[in-house]
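Undergrad: Given next are the chains, with one letter for each unit.
Number of protein chains: 2
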Amino acid sequence: MTHKEKLSEIRKQMQQDNVQAYIIPSADPHISEYLPNHYKCIPFTSGFTGSAGTLVITQDFAGLWTDSRYFEQGEEQLKGSGFTLVKQKVQAYPEYIPWLADRLSAGDTVASDEKLLSLMLGTILTEKLSVKGIEVRSKDYLSPIWENRTPLPTEAAFLIEDDFNGQSVNAKLAAVRESLNTYAAQYHLISSLDDIAWLFNIRGKDVSYNPVTLAFALISQDHANLYINPAKLTAEEKETLLKSGVEVYNYDEIENALSRLPENSSIFIDPKRNCFAYAKLIPASARIVKETNPSTILKAIKNETELSNTRNTMVKDGIAITRFLKWLMENIGKTPITELSAAAKLREYREQQEGFSGDSFTTISAYRAHGALPHYSASEESDAELKPESLYLVDSGGQYFYGTTDITRTLPLGPTTEEEEIDYTLVLKGMIEGCKTRFPKGTCGYQIDAITRNPLWAHGRNYGHGTGHGVGYFLNVHEGPQAFNPTNNPIAMELGMITSIEPGIYRPGKHGIRIENLVNTVTDISTEFNDFYAFETLTLAPIHTGILRKDLLEQSQLDWLNEYHTKVYEKLSPFLKEEEKQWLKNETRAI
Amino acid sequence: MTHKEKLSEIRKQMQQDNVQAYIIPSADPHISEYLPNHYKCIPFTSGFTGSAGTLVITQDFAGLWTDSRYFEQGEEQLKGSGFTLVKQKVQAYPEYIPWLADRLSAGDTVASDEKLLSLMLGTILTEKLSVKGIEVRSKDYLSPIWENRTPLPTEAAFLIEDDFNGQSVNAKLAAVRESLNTYAAQYHLISSLDDIAWLFNIRGKDVSYNPVTLAFALISQDHANLYINPAKLTAEEKETLLKSGVEVYNYDEIENALSRLPENSSIFIDPKRNCFAYAKLIPASARIVKETNPSTILKAIKNETELSNTRNTMVKDGIAITRFLKWLMENIGKTPITELSAAAKLREYREQQEGFSGDSFTTISAYRAHGALPHYSASEESDAELKPESLYLVDSGGQYFYGTTDITRTLPLGPTTEEEEIDYTLVLKGMIEGCKTRFPKGTCGYQIDAITRNPLWAHGRNYGHGTGHGVGYFLNVHEGPQAFNPTNNPIAMELGMITSIEPGIYRPGKHGIRIENLVNTVTDISTEFNDFYAFETLTLAPIHTGILRKDLLEQSQLDWLNEYHTKVYEKLSPFLKEEEKQWLKNETRAI
Numbered sequence: 001m002t003h004k005e006k007l008s009e010i011r012k013q014m015q016q017d018n019v020q021a022y023i024i025p026s027a028d029p030h031i032s033e034y035l036p037n038h039y040k041c042i043p044f045t046s047g048f049t050g051s052a053g054t055l056v057i058t059q060d061f062a063g064l065w066t067d068s069r070y071f072e073q074g075e076e077q078l079k080g081s082g083f084t085l086v087k088q089k090v091q092a093y094p095e096y097i098p099w100l101a102d103r104l105s106a107g108d109t110v111a112s113d114e115k116l117l118s119l120m121l122g123t124i125l126t127e128k129l130s131v132k133g134i135e136v137r138s139k140d141y142l143s144p145i146w147e148n149r150t151p152l153p154t155e156a157a158f159l160i161e162d163d164f165n166g167q168s169v170n171a172k173l174a175a176v177r178e179s180l181n182t183y184a185a186q187y188h189l190i191s192s193l194d195d196i197a198w199l200f201n202i203r204g205k206d207v208s209y210n211p212v213t214l215a216f217a218l219i220s221q222d223h224a225n226l227y228i229n230p231a232k233l234t235a236e237e238k239e240t241l242l243k244s245g246v247e248v249y250n251y252d253e254i255e256n257a258l259s260r261l262p263e264n265s266s267i268f269i270d271p272k273r274n275c276f277a278y279a280k281l282i283p284a285s286a287r288i289v290k291e292t293n294p295s296t297i298l299k300a301i302k303n304e305t306e307l308s309n310t311r312n313t314m315v316k317d318g319i320a321i322t323r324f325l326k327w328l329m330e331n332i333g334k335t336p337i338t339e340l341s342a343a344a345k346l347r348e349y350r351e352q353q354e355g356f357s358g359d360s361f362t363t364i365s366a367y368r369a370h371g372a373l374p375h376y377s378a379s380e381e382s383d384a385e386l387k388p389e390s391l392y393l394v395d396s397g398g399q400y401f402y403g404t405t406d407i408t409r410t411l412p413l414g415p416t417t418e419e420e421e422i423d424y425t426l427v428l429k430g431m432i433e434g435c436k437t438r439f440p441k442g443t444c445g446y447q448i449d450a451i452t453r454n455p456l457w458a459h460g461r462n463y464g465h466g467t468g469h470g471v472g473y474f475l476n477v478h479e480g481p482q483a484f485n486p487t488n489n490p491i492a493m494e495l496g497m498i499t500s501i502e503p504g505i506y507r508p509g510k511h512g513i514r515i516e517n518l519v520n521t522v523t524d525i526s527t528e529f530n531d532f533y534a535f536e537t538l539t540l541a542p543i544h545t546g547i548l549r550k551d552l553l554e555q556s557q558l559d560w561l562n563e564y565h566t567k568v569y570e571k572l573s574p575f576l577k578e579e580e581k582q583w584l585k586n587e588t589r590a591i
Numbered sequence: 001m002t003h004k005e006k007l008s009e010i011r012k013q014m015q016q017d018n019v020q021a022y023i024i025p026s027a028d029p030h031i032s033e034y035l036p037n038h039y040k041c042i043p044f045t046s047g048f049t050g051s052a053g054t055l056v057i058t059q060d061f062a063g064l065w066t067d068s069r070y071f072e073q074g075e076e077q078l079k080g081s082g083f084t085l086v087k088q089k090v091q092a093y094p095e096y097i098p099w100l101a102d103r104l105s106a107g108d109t110v111a112s113d114e115k116l117l118s119l120m121l122g123t124i125l126t127e128k129l130s131v132k133g134i135e136v137r138s139k140d141y142l143s144p145i146w147e148n149r150t151p152l153p154t155e156a157a158f159l160i161e162d163d164f165n166g167q168s169v170n171a172k173l174a175a176v177r178e179s180l181n182t183y184a185a186q187y188h189l190i191s192s193l194d195d196i197a198w199l200f201n202i203r204g205k206d207v208s209y210n211p212v213t214l215a216f217a218l219i220s221q222d223h224a225n226l227y228i229n230p231a232k233l234t235a236e237e238k239e240t241l242l243k244s245g246v247e248v249y250n251y252d253e254i255e256n257a258l259s260r261l262p263e264n265s266s267i268f269i270d271p272k273r274n275c276f277a278y279a280k281l282i283p284a285s286a287r288i289v290k291e292t293n294p295s296t297i298l299k300a301i302k303n304e305t306e307l308s309n310t311r312n313t314m315v316k317d318g319i320a321i322t323r324f325l326k327w328l329m330e331n332i333g334k335t336p337i338t339e340l341s342a343a344a345k346l347r348e349y350r351e352q353q354e355g356f357s358g359d360s361f362t363t364i365s366a367y368r369a370h371g372a373l374p375h376y377s378a379s380e381e382s383d384a385e386l387k388p389e390s391l392y393l394v395d396s397g398g399q400y401f402y403g404t405t406d407i408t409r410t411l412p413l414g415p416t417t418e419e420e421e422i423d424y425t426l427v428l429k430g431m432i433e434g435c436k437t438r439f440p441k442g443t444c445g446y447q448i449d450a451i452t453r454n455p456l457w458a459h460g461r462n463y464g465h466g467t468g469h470g471v472g473y474f475l476n477v478h479e480g481p482q483a484f485n486p487t488n489n490p491i492a493m494e495l496g497m498i499t500s501i502e503p504g505i506y507r508p509g510k511h512g513i514r515i516e517n518l519v520n521t522v523t524d525i526s527t528e529f530n531d532f533y534a535f536e537t538l539t540l541a542p543i544h545t546g547i548l549r550k551d552l553l554e555q556s557q558l559d560w561l562n563e564y565h566t567k568v569y570e571k572l573s574p575f576l577k578e579e580e581k582q583w584l585k586n587e588t589r590a591i
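These protein sequences, in sequence, are chains A and B. First residue of the first sequence? That's 1 in my numbering, and the numbers climb one at a time after it. First residue of the second sequence? That's 1 in my numbering, and the numbers climb one at a time after it.
Calculated directly from the structure, the hints in this document are not laboratory data.
If we take Cβ atoms under 7 Å as the criterion, some of the chain B residues that face chain A in the derived model are:
1. R438
2. F439
3. P440
4. Y446
5. N454
6. W457
7. R461
8. N462
9. N488
10. I525
11. F529
12. N530
13. F532
Calculated cross-link-like contacts (lysine-lysine; reagent style DSS-like; alpha-carbon spacing at most 27 Å):
14. A/K290 to B/K89
15. A/K128 to B/K290
16. A/K290 to B/K128
17. A/K128 to B/K280
18. A/K387 to A/K510
19. B/K280 to A/K132
20. B/K290 to A/K89
Keep in mind the model is a prediction, meaning the values are calculated, not measured. Ideal Cβ placement from N, Cα and C applies to all residues, glycine included.
All chains, full assembly: derive it from the sequences and hints.
TA: Next up, the structure:
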């Protein structure tokens with residue numbers, strides 16, 4: 001079936017049910033960012049493969065709502081699909097809801113598969129539309145037309161020994177239960193796969209890049225029930241879980257468990273990380289506590305074992321990056337290299353590292369104008385040849401036992417323009433300002449974001465994405481609750497949080513620049529004014545200095561850069577061959 | 001009656017009504033910051049005169065909840081009152097609510113005069129306590145025991161000609177009505193006195209410092225009703241108002257007007273700026289739109305007339321400040337000067353200026369350790385003599401026809417310590433960073449706040465108050481919706497907003513430093529990345545440079561300071577006598 005035919009089939013079902021609009025979000029019942037193939041509903045329906053977007057279908061319009069990261073890709077992929085690109089102003093804001101409220105009339109019905117709506121989104125949708133007399137209903141119009149739909153993944157899960165996590169499942173459950181007590185909540189539904197992976201010290205291979213396994217959990221003071229395809233676990237693993245008080249049930253049984261909760265019970269549900277359909281299964285008499293998952297906050301604060309393992313992982317990743325950069329600089333203009341072949345080479349160097357288990361996201365290997373697309377992913381069609389001029393951007397990361405990395409470097413492959421050099425210097429200036437900031441306990445991500453952007457603003461430049469995101473421990477490369485971005489997310493930076501700092505400058509049609517390190521929040525000084533925190537830079541890899549405009553950097557920023565490079569050389573050189581050492585020595589020399 | 005006797009009388013009434021806790025907030029039915037004497041309930045009950053706090057009384061405890069600005073003053077003033085100081089962690093957060101929820105039991109009752117609770121506070125109180133089965137009730141236990149309570153003020157109000165406001169009442173009403181349409185609201189209750197002053201181009205003298213008059217307003221598409229003591233307006237003024245479609249009713253009639261709203265009507269009420277009691281008068285069938293008053297946002301964005309008048313006012317105020325600083329520097333150590341006499345002198349210089357109508361708040365004239373109390377107000381008892389050493393801080397402002405000022409300067413009266421000089425330099429460094437920031441359209445106050453604090457954080461210093469607040473136009477010196485502070489208030493800086501930038505460093509027992517200018521948001525450059533805004537500094541007065549540690553300032557910061565001083569001299573000198581000119585020339589010389 002073509003996308004147009006699918007659209008027509010969906011519209012037929014809508015007509016039969018007297019449904020005026022159908023919404024297809026990018027999600028699964030775990031409200032995941034990376035989806036199992038089974039839930040790739042938007043690519044199936046429209047052909048669009050970006051990671052963020054929503055399809056909305058009426059009888060006379062079909063649109064993909066997505067943000068500026070995907071405007072070009074959307075235009076391209078939607079051609080001939082019957083879907084029109086609708087440009088969202090604000091990333092992740094459901095701008096199609098006011099659109100629907102404007103166009104539909106009292107008595108109309110909007111449908112969607114409510115397993116794919118977060119509780120929060122479902123609540124907003126219902127609130128905003130019910131005011132206008134519009135009904136919201138759950139319908140799955142894709143399954144009936146989806147031939148040979150990929151079944152749910154059945155990859156084996158695996159347990160990680162407590163020693164490698166620094167905290168036992170028992171201890172983690174105790175911490176979560178303490179939080180539940182604070183909110184006087186008897187039950188706690190967890191649907192988010194990274195929370196489950198962390199809490200049960202379990203990992204899997206059910207989706208790309210995120211080492212998670214499909215499961216739900218229902219926790220009370222006496223029980224910790226894990227709902228998972230039992231074939232994913234060996235008898236021994238089930239035994240180990242049981243020793244920590246974790247009982248294993250079938251994946252689908254979560255629905256019954258929720259429906260059968262006692263009347264008048266209280267249940268803790270994170271509205272952003274559970275689906276609307278499951279929240280509706282809970283008896284109406286229940287009191288629902290809607291707060292961020294306790295495990296999300298506990299998980300973000302890495303313990304000493306996790307930090308120490310991550311530091312070792314950074315050495316391994318740094319060696320791979322160093323070898324890759326050396327190879328690239330030495331071969332550019334001599335051997336044919338494309339975006340895809342460069343990415344493959346980087347993967348090759350990472351695979352040589354002990355404990356490497358895969359990429360933590362699709363490598364962004366972007367030459368010249370491709371670099372201006374912050375989420376560019378090279379394909380066979382787009383694959384550009386790297387030439388000995390202008391800038392090349394590579395944003396990549398690895399999943400290691402044990403630790404997750406995410407690093408961006410931009411480098412000149414030959415002669416560069418003045419604009420490229422000034423932009424490059426300002427991006428680095430911003431990154432250094434972020435990395436070297438001292439800030440009082442209680443400081444939130446939006447404050448770090450402003451400090452990082454300030455040097456770019458001073459020169460009339462800016463970037464459309466956040467400055468940084470939380471990073472998991474052998475888990476999702478994007479994790480909350482903290483983030484560095486301009487929105488007013490009131491999460492304070494806590495000791496042990498790992499976050500990226502990655503400002504950029506993008507000039508469509510010309511070049512894109514981004515430089516990214518991961519940092520850990522550490523104690524700095526205590527004064528009569530407050531306890532101050534600072535960032536420990538975890539990422540270890542040279543930052544190109546050849547095209548820097550030194551006059552744009554302050555002495556304190558140059559000092560930071562030189563100290564960072566000294567550390568990079570000290571940490572990486574013991575593991576390098578002599579000629580690699582020489583190369584790194586030169587790349588990290590003081591300027 | 002002593003405070004202890006009053007407390008005992010309140011407790012008797014509580015017992016009779018079976019009320020377990022009584023709350024006395026610092027507010028009036030307009031949710032004002034500065035209260036008419038009639039509503040000074042906290043000073044009456046406890047003796048505490050600070051501008052922020054809440055009394056909570058149970059049978060076995062009586063406490064004043066207030067924030068760090070008032071810890072010392074609270075301890076002092078509550079002695080022997082029967083009230084205990086309870087230190088709030090977060091300014092303005094009602095921390096007594098969880099305290100009450102913890103201590104009371106299901107079936108208990110909490111009472112307060114609900115005319116003194118904002119709709120927001122009343123809603124939170126009711127929500128948090130009703131979960132625990134605690135009832136919330138409206139009771140006034142003060143009137144029965146308050147002998148000779150000051151009646152409501154009856155000062156005449158006065159109208160300001162449209163020409164001086166740059167916008168007619170008609171045009172303002174049209175703008176507010178447009179907002180009501182957006183929210184499909186038929187009615188709009190306004191209780192906040194500054195909103196009413198702005199909307200009706202009316203001013204008054206009912207409270208100290210804020211040139212407002214006691215009134216309510218109820219707006220619909222057809223009517224604009226002003227509820228005010230009719231004796232405050234002349235027949236001519238009523239006629240003028242009527243010509244703009246404004247009908248005048250008795251102040252008390254607002255209660256009837258609200259009770260008699262048609263069933264199923266829709267009404268727009270700002271939950272922070274209307275009282276809980278009046279919101280409860282509205283028929284239960286009404287749909288209530290809870291958003292920030294449209295007039296609050298419209299008022300914050302000054303028009304060209306207001307800006308141009310404010311610029312003229314700044315010249316007048318700058319002349320007064322210049323004369324005061326010159327007088328102080330020339331007389332210190334020669335004539336006896338105290339905090340109070342210095343404040344009186346400053347007032348004298350301001351009174352010489354055409355259009356001066358009074359102070360915009362109590363002058364903070366604070367020597368040495370007194371400067372470390374950010375809200376210090378000198379009294380006969382505390383009045384310290386100024387000596388030719390250490391630092392003196394003066395934070396003051398004037399209400400002028402037409403314009404409101406607010407300025408802080410800190411200066412050495414003689415030899416200073418290294419710590420004082422470094423602190424002084426860092427405060428100025430922060431202020432300059434704030435003032436010279438270029439930022440993209442859409443930037444919120446919390447981002448400017450972080451940029452201003454960053455230079456202080458770098459040296460392990462910080463301040464416990466916000467970086468700045470909105471300032472009215474011949475109106476309240478504190479006005480919203482914008483503010484520069486670390487909380488996540490998502491209000492973007494708009495062109496024409498006047499805001500203060502006033503970082504500080506406070507060392508209890510030693511010294512306090514604050515430097516404050518008012519700035520206007522103006523367009524700067526437009527690039528392919530965004531439209532960028534900047535600040536036009538409005539305040540015109542020399543900033544002391546003698547004790548600056550130049551090595552702590554960057555060249556761009558020195559440049560800003562020198563340019564600012566050039567402007568100060570250019571704008572003020574034409575109005576100064578020759579010897580004043582000479583003095584200012586020297587004070588503003590480039591460094």
